[in-house]
Amino acid sequence: MPRDSERPRHTGRLLRLGALLAGIAVALSFPSMAPSPYELTVGIAILNFAVLSTSWNFVGGFTGYISLGHGAFAGLGAYATGLLVTKGELPSFVALFVSAALVAVLAIPVGYAALRVRGASFVIVSIALVLIMLLVFQSWASFTGGSRGLVVPRPFPGKLRSEHHEIFYFLFLGLLALALLAWWIIDRSRFGMGLKAIREDEDKAQSLGTPTYTYKLVVFVVSAAFTALAGGLYGLWFGDLDPVFQFSILSGAYMVLMALLGGVRHLYGPLLGAVVVGYGLEYSKLEYGDTPLHLVFAGLLLGVVVMFMPDGVIPAVTGLVARVLGTGETSIREVTAAELRDERDEREADVRPDHRPDGKRPDGKREVRQ
Amino acid sequence: MASDSGSPTVPSPRSDSGFLLELDDIRAGYGRAALVLRGLTVRVPAGGVVCLVGPNGAGKSTVLKVASGLLAPRSGRVLVDGEDVTGRGPQQLLAAGVAHVLQGHSVFREMTVAENVLLGGYTIKDKAVVAERADFVRDLFPLVAERWTSLAGLLSGGQQKQVEFARSLMVRPRVVLLDEPSMGLDPKTTGVVFEQIARMREAGTAVLLVEQNARRALETADIGCVLDLGRVHISGPARELLADPQLGELYLGGRPAQPPAAPKR
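For the record, the sequence lines run as chains W and X. Each number in my numbering corresponds to the 1-based position in the first sequence with 155 added. Each number in my numbering corresponds to the 1-based position in the second sequence with 50 added.
A portion of the hints provided could be inaccurate.
The list that follows gives simulated cross-link-like pairs (lysine-lysine, DSS-like), each with its CA atoms no further than 25 Å apart [to be verified]:
no.	chain 1	residue 1	chain 2	residue 2
1	X	Lys175	W	Lys359
2	W	Lys242	W	Lys359
3	W	Lys359	X	Lys177
Facing chain W, from chain X, some residues (calculated, C-beta under 7 Å) [claimed, not checked]:
no.	residue
4	Val130
5	Pro140
6	Phe158
7	Glu160
8	Tyr172
9	Thr173
10	Glu230
11	Met233
12	Gln296
Note that these hints are calculated values from the structure, not bench results. Glycine is no exception: its CB is placed at the ideal position from the N, C-alpha and C atoms.
Work out the full structure, taking the sequences as your base and the hints as a guide.
This is the structure in structure tokens:
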């Protein structure tokens with residue numbers, strides 16, 4: 156018989172499984188439900204944001220290092236894929252994976268330098284990376300196309316535009332599933348435990364024997380690789396790359412905003428943030444055109460999150476549900492080891508059929524333990 | 051036996067053969083500032099509890115930092131089981147069997163009790179050994195077993211302290227350095243914490259304890275050392291120090307309850 160405290164946990168697990176299955180069903184049926192190709196492109200944009208933000212969360216969520224420079228890895232992934240297709244004449248999807256590997260290799264020296272500093276210094280170093288890449292890709296016009304941009308050939312030239320969108324919708328969905336799976340595996344691993352200890356207190360983690368520097372570097376490279384895959388896939392889908400948009404501080408800032416909004420410590424936090432922010436951005440662009448109003452919305456949203464839900468929407472909502480259902484932890488009273496042992500003995504006695512859970516015997520007298 | 055010299059010989063009430071941790075004629079300080087420890091000698095016998103008491107600024111916490119490798123001494127030697135480990139870092143000292151529980155609360159607040167405890171055994175590669183050690187500390191600290199899946203930050207101060215103790219015991223240390231474990235705790239919780247220190251000793255772990263709650267600490271310890279101005283001023287069997295009326299006035303905040311049985315000084 157399950158204990159009383161296990162019932163809400165069991166219910167919670169069932170609810171989570173149900174929500175996951177419902178989410179998968181909605182995601183898979185969205186292309187057939189979308190009223191027009193425009194809605195489908197909004198879906199793709201949101202999925203792209205979700206992959207980027209989840210990829211960012213490998214570093215931000217596990218180690219607490221806030222990188223504003225991940226836009227550089229996305230841009231590099233997109234440009235490397237485009238250049239490998241146009242100049243290297245590689246097949247599109249081979250180019251995509253080769254570019255992710257190249258970005259991962261590049262992330263090693265970048266992380267080696269950037270992860271030596273913490274806090275605000277790390278943020279500034281990460282911003283510098285984006286600005287350097289912007290300058291390089293703008294200036295080196297003979298190779299990258301410069302400000303004129305780079306046209307990436309479509310991987311499926313024979314397909315109609317709507318079919319093209321549908322295929323890419325599912326490709327982004329697959330990549331998102333892969334990123335979430337990787338995050339989930341790390342979250343439950345010994346490696347993940349060490350990373351979370353770094354987030355909590357890096358010095359303490361080190362004093363307990365966690366190889367903090369190596370761990371940070373490894374997860375930084377993994378994060379960069381996933382970000383590059385998202386960027387590369389975007390390049391193949393969108394087909395036109397401009398350094399100003401690819402190497403923008405804004406794209407890194409959006410990844411941070413989405414992850415913070417949903418909750419960086421939660422698997423689905425960045426995904427939820429991407430749905431809200433991505434939809435909001437598309438809506439404001441549609442309604443208000445090319446005005447910078449969408450930036451004002453994003454800024455306001457960031458302010459609201461930081462002020463009222465510093466841990467993100469998911470922890471805020473689950474905390475609220477736990478309070479309503481009364482499943483949260485309430486007691487922190489001090490007990491001696493002897494008292495705890497007595498409590499444990501009582502619980503064991505309770506599960507015996509001749510004992511009532513309230514510690515009273517059937518005749519109403521209180522159980523007296525010797 | 052007791053001594054007021056800078057380098058007393060602290061006898062072991064449990065073992066006559068050698069000391070587990072020895073700090074020998076240590077001189078240490080921070081940066082270019084004046085020395086904090088000025089020729090201090092402290093010896094911890096295997097399985098014994100040694101308590102350092104003394105006024106603020108006497109250098110008590112600095113002793114523990116030198117012993118755990120967080121601070122390299124300017125001169126003197128640190129020996130673990132006879133081996134010279136002077137100048138080695140915290141991770142090497144941990145490997146040598148010296149675990150340090152820092153002052154204040156040092157649990158990972160956003161991680162579960164289980165994760166906190168398992169992080170203590172992070173250097174152990176063998177999963178079976180980790181599981182066996184986890185079972186050992188869960189048995190030693192029932193609260194840790196009880197709150198295994200709770201977030202450590204949700205526990206009270208005294209409970210967090212027990213999680214820290216459990217974490218420090220994961221690597222099967224031979225000596226645990228405890229820096230003011232009762233800081234900020236109410237009398238009942240302090241009692242719980244000292245109960246756990248006694249259990250650590252019963253499990254065979256030596257303890258070097260720094261406490262402001264001197265009377266309570268000396269009641270738990272085998273040997274007491276009174277520090278002042280970076281030296282061991284007086285040392286001897288803890289019960290004798292506790293019973294010394296002059297010492298009680300000077301360092302323990304009042305007269306002792308029992309009639310005095312003055313230690314030799």
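Here's how the hints hold up against the structure:
| no. | hint | verdict |
| --- | --- | --- |
| 1 | X/Lys175 to W/Lys359 | holds, 19 Å |
| 2 | W/Lys242 to W/Lys359 | violated, 49 Å |
| 3 | W/Lys359 to X/Lys177 | holds, 22 Å |
| 4 | Val130 | violated, 17 Å |
| 5 | Pro140 | holds, 5 Å |
| 6 | Phe158 | holds, 4 Å |
| 7 | Glu160 | holds, 6 Å |
| 8 | Tyr172 | holds, 5 Å |
| 9 | Thr173 | holds, 4 Å |
| 10 | Glu230 | violated, 17 Å |
| 11 | Met233 | violated, 15 Å |
| 12 | Gln296 | violated, 34 Å |
Checked against the numbered hints given earlier, this structure breaks hints 2, 4, 10, 11, 12; the rest are met.
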